[in-house]
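K.L.:
Could you build the full structure based on these sequences and the hints that come with them?
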Amino acid sequence: MRLRRSLAVAVAVAVTTPVALFTAAPALAAGAPAAQTQNQPTYAELKKAAADAQKAYEKALAAKEEGQEKVKATLEALDSDTHPLKAATITADKAAEEAAAAETAAEKAVRDAEAAVETAQGETEKAEAEKALETAEADLAKAVEAKEKADATAEAARTALDDARVAAVREYSVLKKALDDALAAKEAAEEALGTAEECVRETGLTSLAVGLPAEVVAGTTVDFTLRVTNGTERTLTVDPLAFVHVDGERGGEKSRPAVEWSNGSGWHALNGDEPEHIAHIDTMAPGERSDVKLRMTVAPDAASADAFALFAADASSAYRPCVLGPMKRYDFELLPADSDPDPVDDAAPGQTGKDDDQRPATAGPGTTPRGGATGQPVTTARTTPTTPTTRTAGTGTYGTTAATGGTLAQTGTSPALAPLGAASAVAVALGAGAVLAARRRMTADR
19 MRLRRSLAVA VAVAVTTPVA LFTAAPALAA GAPAAQTQNQ PTYAELKKAA ADAQKAYEKA
79 LAAKEEGQEK VKATLEALDS DTHPLKAATI TADKAAEEAA AAETAAEKAV RDAEAAVETA
139 QGETEKAEAE KALETAEADL AKAVEAKEKA DATAEAARTA LDDARVAAVR EYSVLKKALD
199 DALAAKEAAE EALGTAEECV RETGLTSLAV GLPAEVVAGT TVDFTLRVTN GTERTLTVDP
259 LAFVHVDGER GGEKSRPAVE WSNGSGWHAL NGDEPEHIAH IDTMAPGERS DVKLRMTVAP
319 DAASADAFAL FAADASSAYR PCVLGPMKRY DFELLPADSD PDPVDDAAPG QTGKDDDQRP
379 ATAGPGTTPR GGATGQPVTT ARTTPTTPTT RTAGTGTYGT TAATGGTLAQ TGTSPALAPL
439 GAASAVAVAL GAGAVLAARR RMTADR
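Residues in the sequence shown are numbered consecutively from 19, following this note's numbering.
It cannot be assumed that every hint is accurate.
Okay, the calculated beta carbon distance ranges per label pair [to be verified]:
#1 62 - 219: 17 to 27 Å
#2 198 - 284: 55 to 65 Å
#3 239 - 205: 50 to 60 Å
#4 201 - 289: 38 to 48 Å
#5 112 - 80: 36 to 46 Å
#6 167 - 80: 16 to 26 Å
#7 109 - 184: 20 to 30 Å
#8 174 - 135: 50 to 60 Å
#9 355 - 289: 23 to 33 Å
#10 177 - 136: 36 to 46 Å
These are calculated hints, taken from the structure and not from any lab test.
What you are looking at is a predicted structure, and each value in this text was computed from that prediction instead of being measured.
Glycine included, every Cβ here is placed at the ideal spot set by N, Cα and C.
P.N.:
Spelled out as structure tokens, the structure:
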């Protein structure tokens, strides 16, 4: 009975597993029209399906192992002389052997009686011999009938024993088939989930620095805005990414420009050592725009130096936990104190690069960055433009320096590294740990 319950569970799981959900094509990139993805499973559904498939596989595996032990015990019991079916077979086979021996004896008696009739002398002896032959023939007929019945009984007993063996093996084969089906469903679910977890690029998710000057004088403070626009057709959860670096600074060194961002209720400092997520946005509808205020204060003793800022947007949707907007690089120059530059233009965004879907390690999306005041959700002033935001691409090259044009080499086991400036300069400035994790780390953090 216990085996039957296990069998029923395993078969039910295999039958009811939503294989169609596993094998459905993963959702398209976040900006794909809703009509193209309305029949696609969400990431939460894929994750639940993978967990359910794993549980179903574990149940099927346990049922199969239990069934294997059960069929082994059943077959061993059926081979025991004390088992009712085996005992009945032994008894029937013995009866059939005895019936066969009786038939053989009856046949011999008939032959002997026939010989006696042939050799009988006189009428009386001949009559007695013929009467004995009739009796022997009658006994043979009974022996033949008894043997046929005994043979039939023995055959039925053997069939019943064989049927019991087949039934035990058949139950196990059903459990094994259920396990095979559960394994296939589990692998399909894991593949679908893995595909959904792969980061996708979304050019419509833009980040633009507004008001960041191309030249900043030491001892001054400049205010600018990071404008994030959801130009996709999907509602997103967005984590803007920010980083400011001055050539020559080393990891752990106090940065000469102190950068802060505001969520409308206070200012929070960027740590300066590594890129980090700021101003988490829980829900950003298609076409919606969010402005994050930033300010940069340069130390009075700061010397002339080249610097750059990186901005991007990490996001997730119901279908993808890792959506990457293009990263923008803004090169600007630090001038000594008391410099009197000509009217300064805004720093122009660098051209997007081929590796702009790669991201460095950060404090983690959706969390208060290092230096933040609270762990409460961040809100920013948002507007919904009537027309798409216009962006002007500069002549700079993303992920390179003007002097060398070099890019940061990829190292480590992470699937991607951030191309933040020249390889040697940034590696020294940020330290090894700042460039090892990919932007898709946000998938695990969510």
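K.L.:
Against each hint, give a clear statement of whether it holds in the structure.
P.N.:
Hints, verified against the model:
Between residue 62 and residue 219 the beta carbons are some 22 Å apart, a value that agrees with the proposed interval 17 to 27 Å. At about 59 Å, the beta-carbon gap between residue 198 and residue 284 stays in the expected band of 55 to 65 Å. At roughly 57 Å, the beta carbons of residue 239 and residue 205 sit within the given window of 50 to 60 Å. Distance hint for residue 201 and residue 289: a CB-CB separation of about 46 Å, consistent with the stated range 38 to 48 Å.
For residue 112 and residue 80, the hinted distance range of 36 to 46 Å is satisfied, since their beta carbons lie about 43 Å from each other. Checking the proposed 16 to 26 Å range against residue 167 and residue 80 shows it is violated: the Cβ atoms sit about 47 Å from each other. The beta-carbon spacing between residue 109 and residue 184, approximately 22 Å, falls within the hinted interval of 20 to 30 Å. For the hinted restraint 50 to 60 Å between residue 174 and residue 135, the CB-CB distance of approximately 40 Å leaves it violated.
Distance hint check: the CB atoms of residue 355 and residue 289 are about 25 Å apart, consistent with the given range 23 to 33 Å. Between residue 177 and residue 136 the beta carbons are some 45 Å apart, a value that agrees with the proposed interval 36 to 46 Å.
Hint compliance for this structure: hints 6, 8 are broken, all remaining hints hold.
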